[in-house]
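Start from chain A and add chains B, C and D according to the hints.
Chains as they are written, first to last, in my numbering: chain A, 452 to 800; chain B, 452 to 800; chain C, 452 to 800; chain D, 452 to 800.
You can take every hint at face value.
Which copy is meant is left open, because identical chains are indistinguishable; a pair holds if it fits in one copy or across any two.
No farther apart than 20 Å at their CA atoms in a straight line, the calculated lysine to aspartate or glutamate pairs in the EDC-like style are these:
1. K700 with D753
2. K494 with D727
3. K700 with D675
4. K510 with D727
5. K455 with E482
6. K702 with D674
7. K535 with E518
8. K706 with D727
Bear in mind the hints are in silico, worked out from the structure with no lab data behind them.
If you want the building blocks of each chain, they are given just below.
There are 4 protein chains.
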Amino acid sequence: MAEKIQASIIGASGYAGGELLRLLLDHPHVEVKQATSEQHQTKFVHAIHPNLRGRTQLKFVSAAQIEECDFLFVSLPHGSASSKMPELVKLAPKVIDLSADHRLRDVAAYEQWYGEPHPHPDINAQFVYGVPEVNREALREAKWASGAGCNGTATQLGLLPFKRAGVEIVSALADIKAGSSESGNKPNLGSHHPERSGCVRSFAPTGHRHTAEVQQTMGWTRDDARIQMSVTAIEMVRGVLATIHVQPKEKLEEKDLWKIFRGAYKDEPFVRIVKDRQGIYRFPEPKILSGSNYCDVGFDVDPQTGRVVVISAIDNLMKGAAGNCVQAMNVMMGWNESAGLGFPGLHPV
Amino acid sequence: MAEKIQASIIGASGYAGGELLRLLLDHPHVEVKQATSEQHQTKFVHAIHPNLRGRTQLKFVSAAQIEECDFLFVSLPHGSASSKMPELVKLAPKVIDLSADHRLRDVAAYEQWYGEPHPHPDINAQFVYGVPEVNREALREAKWASGAGCNGTATQLGLLPFKRAGVEIVSALADIKAGSSESGNKPNLGSHHPERSGCVRSFAPTGHRHTAEVQQTMGWTRDDARIQMSVTAIEMVRGVLATIHVQPKEKLEEKDLWKIFRGAYKDEPFVRIVKDRQGIYRFPEPKILSGSNYCDVGFDVDPQTGRVVVISAIDNLMKGAAGNCVQAMNVMMGWNESAGLGFPGLHPV
Amino acid sequence: MAEKIQASIIGASGYAGGELLRLLLDHPHVEVKQATSEQHQTKFVHAIHPNLRGRTQLKFVSAAQIEECDFLFVSLPHGSASSKMPELVKLAPKVIDLSADHRLRDVAAYEQWYGEPHPHPDINAQFVYGVPEVNREALREAKWASGAGCNGTATQLGLLPFKRAGVEIVSALADIKAGSSESGNKPNLGSHHPERSGCVRSFAPTGHRHTAEVQQTMGWTRDDARIQMSVTAIEMVRGVLATIHVQPKEKLEEKDLWKIFRGAYKDEPFVRIVKDRQGIYRFPEPKILSGSNYCDVGFDVDPQTGRVVVISAIDNLMKGAAGNCVQAMNVMMGWNESAGLGFPGLHPV
Amino acid sequence: MAEKIQASIIGASGYAGGELLRLLLDHPHVEVKQATSEQHQTKFVHAIHPNLRGRTQLKFVSAAQIEECDFLFVSLPHGSASSKMPELVKLAPKVIDLSADHRLRDVAAYEQWYGEPHPHPDINAQFVYGVPEVNREALREAKWASGAGCNGTATQLGLLPFKRAGVEIVSALADIKAGSSESGNKPNLGSHHPERSGCVRSFAPTGHRHTAEVQQTMGWTRDDARIQMSVTAIEMVRGVLATIHVQPKEKLEEKDLWKIFRGAYKDEPFVRIVKDRQGIYRFPEPKILSGSNYCDVGFDVDPQTGRVVVISAIDNLMKGAAGNCVQAMNVMMGWNESAGLGFPGLHPV
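Only chain A is shown next, with the shape it has when bound in the complex (with noise of 0.2 Å):
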């Protein structure tokens, strides 16, 4: 096995960080250099993260004493990332930013869904949309790389196999159930226990944020209103459900979407179709992906109507963050894809 190489995180107290962690440790070929943490510098990573007592005797550093590697996740708040970057950048020839910050090409769309300008727009304009099914052969070549957010990962890649196949959209409605892992690690009312316990909670009913990774992708303006999110936060630590209520131009007969499908998909090492005729996970779900880099994606479709129901599951801490950045950065470096992602996730759980 050739030499490691050294990569460390900007911000690894957070839920994604710790997951970044958990991750880059047991990876075959990266070495954890520092970890930082404002709040938690000095202690253990594993007083944070307790599953990774035992693993390593790594302690949070201070952003301030960060040093040069080799690769660099930067794991901050919205807007803090962005604010940062132009020193960042410079402590490592690759980076990936977590953040929401410098994951749309169009500044313009950023402005209108975060409601400031970016800051630099210079900055911006060189890093990569970081989901490989996405943009493979860009993250090869990339220096520099974004993160996606993780509903708009379930909701894409639910979409994407009509876009590679040239299948026009008509409107595409997604439904989507998340945990509350997704709102991060700061306690709130609204993520107390006896109030967040067994709620149902319409989240964003309208006007998510990440309708907007969704766009780019799928070649959509900003002002085209094909695509709509709803998130409702269910009892669910970690996952996501996206339930996307597709009506195509042209009706589609269920052996057409098998073949939408694989097309979009038979070599991807992260995405499986799951549609079954019996057994009970037929359709995907979150609970059996838990700790694994898999997006699995489904789909009925209604004889009458012609309406296609595409099914997106996701662990949004993985796929939906630490997972496919990961992912990106084996792209990156040339690695083999899945290095440091083999956990398939439990059953039963």
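For chains B, C and D alone, kept in the frame of chain A given last:
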């Protein structure tokens, strides 16, 4: 207080039957005469419905032992209710059938959705669809009434205000999140806790039978594809949340929607409009409705596209089954419509 | 029905305060006059307790605005209640304090368990420990009563029959499983849903303060180590299950235990003995008690060792807090002890 | 890497069998040859274990088709394993039986706890109890090993340090909180989601069979009542938490306990001592162990009474079943003891 009437329940060991028992045992105008269960005859009802321990010494009897009474509730499986109905209606002057067998006036629609001709169209024709918000006047005179499907109830109470206000709907897509008690009390692999727990399972992406009830209430024909329903089973025992994505023909603003919903529901005892600017329960949520007969409805509108998202929550065993039927009985008997339905739900829960 | 008394609640925005509101708003002999909250003053109570929407137009007021009333409930944090009690008791002829401040008659025990001297031992001396099953006669004459700790209530109601029957206990170990609402409504990292969800967390392996209440009820001194308590937080919002491992001095058989428990509880309106040979609810379980005021108790005995396992379940916000206090009020006022406490709990749930 | 051995699994459709498949499919030294299931023969293993979709094209075969292999895992129901063992041991030079049938060396204890004489005491005598922490040296030479009971494993790993340190225990009461996967994959009313969800169910207050394994490991006779176990089923799919209330003969202080536990476990690859002064994961918790092979142990001591509370957490399907058996196989084969057991568990989860 006046003398109580005597009510009996055919099929009282199921979940809806148990909820009926709970409600009727504390109803100010009702005495429970008999409760049948073939499987559990001779057992105390609290052996099956443990919440009733200490509340009644009633025992299940066989349907063969059923006697005449003042009001009969029929809570048998689909198909079984209609085949026995000719005999059952002789037992009491007033009957409510909770099953799906007598909900649709159009027996052609029944045949289309349930896959076989209705066995007794003549009897079916005399039933009134028993949702008071939809059908109050007819219920006042009814001798026989049906219950309503839980998912259908949540959906139609979200859409009814548009009909009442004469607002034309281009399309309505109800994405429904449902609890495990919807599927009844018979164990199977899909309901086995290690498999069902934490699931986000696409139960009926297309073709849900309750669609027929919504069409009937909205005055849409059975081939009218304006209403589409998808059901996803989530981690929840009781409860339905319907997220109904509505495209109205003409653009509506928030104030229009307030007017439409207040117009329909301002005097309804069991429908609350829930749409707050702050707090964590800004939209309807089923968990605070467990045990209550409320249907909470709210809405949001996308200013860009005019898409309206109506959110409707019920307890499937209450407003979606037993509670609604007690409300219907109260209407049929000319009692206070809220009698016996006073429990408001819990918080936190 | 006679005229209603006017009751007010100091500290009505917490979980026990909200449950009191729910109960008092439907109580046949009570009208809620005022409900205080410093943080939420001027807001509708249903803004904080969403289950009360449509049930009352009451708004929170500041404690500074509190007026005289017939019955005062104090639901303030520990320490705060006792420091304000000299003023509060002037407001009403009858007072119940739900806090931990006036539960222990022995102020030395108070100091030992709560780490500081009691601020008003004279006032404390006039309080009656407000568990009707323990103290009914004293409550009939009481002007001031305390509530009781939820875990302490579950434990003492499991042990009281032994005392009543004169059975000597060598040791009693209460292993308690508790829900998240026990810790109140203030968010923190430990209550953050992704962290609290699914936990089995050793909250207080030793040294639980409610031990003092159990000792007081059993007549054991504060250095008597016969009672030990451990609390584990589990996935549950409401509910306590106490598994109490009892070693009696003399060997008891099952029929002895039936006699002991029936002797203590056969006439109690809110204690049910649950010990069935078949079915799935053979022993007490908290989930079917949510919203009810029952304490269900059951037992098992190891024929080989004579160890008795007493199992005791309550809803911590009902029999463990607000419900018990309404029951105590009913006793203090000479009303039907069950008034306003009729909800039996749900199944399934 | 050296050539892989061929391993087969008898009874691979159950939960432990599925977990074995997951582990062995990614084990560096093992190739899965055959996996049997009578009910599911000819189906893909991923039809039953959906997490394995895309990981293997293996199909279940009937036990009648089983061939010789290098290592055989037997994962049959209790009773079935021992009756078939005379034939099964001919299939491979090394065998591990996950069932309860060959765990107890004392066949009189077997008869007492399992209610019938052991069918093959001669074979049973040649089995080694397969918990490496208890029996590592014997396992190195073993040809046949048993698995261990999940609750028994959590309990004995909490008590073993006392035995190793020569500390006499007066009494030990293990109060165990268990998940639903412990009861296997056969649906019944008790496992039906609406009934099992949110339960806190006294499953075995007394008389739990795993007591026998703890007695065997601790060197206590089968009539020695020093160890008592109670099992309560809680809302959890995977996981065991044993809260073990230990009364040592001589008073121990915290530093003594550190010495006792470090002495036993400092070199163990899969036992971690978890006892922190701050943070929310200060004691062991099963949820962060899902999928990992760790047993986390911690302790607390009551300074007043000397009662020690040992807290021990495992994933019942991993360290409590399949993971432990893979660890035992690694010992039996002379491989790195951690081979194939690298997954650390998730956080948050």
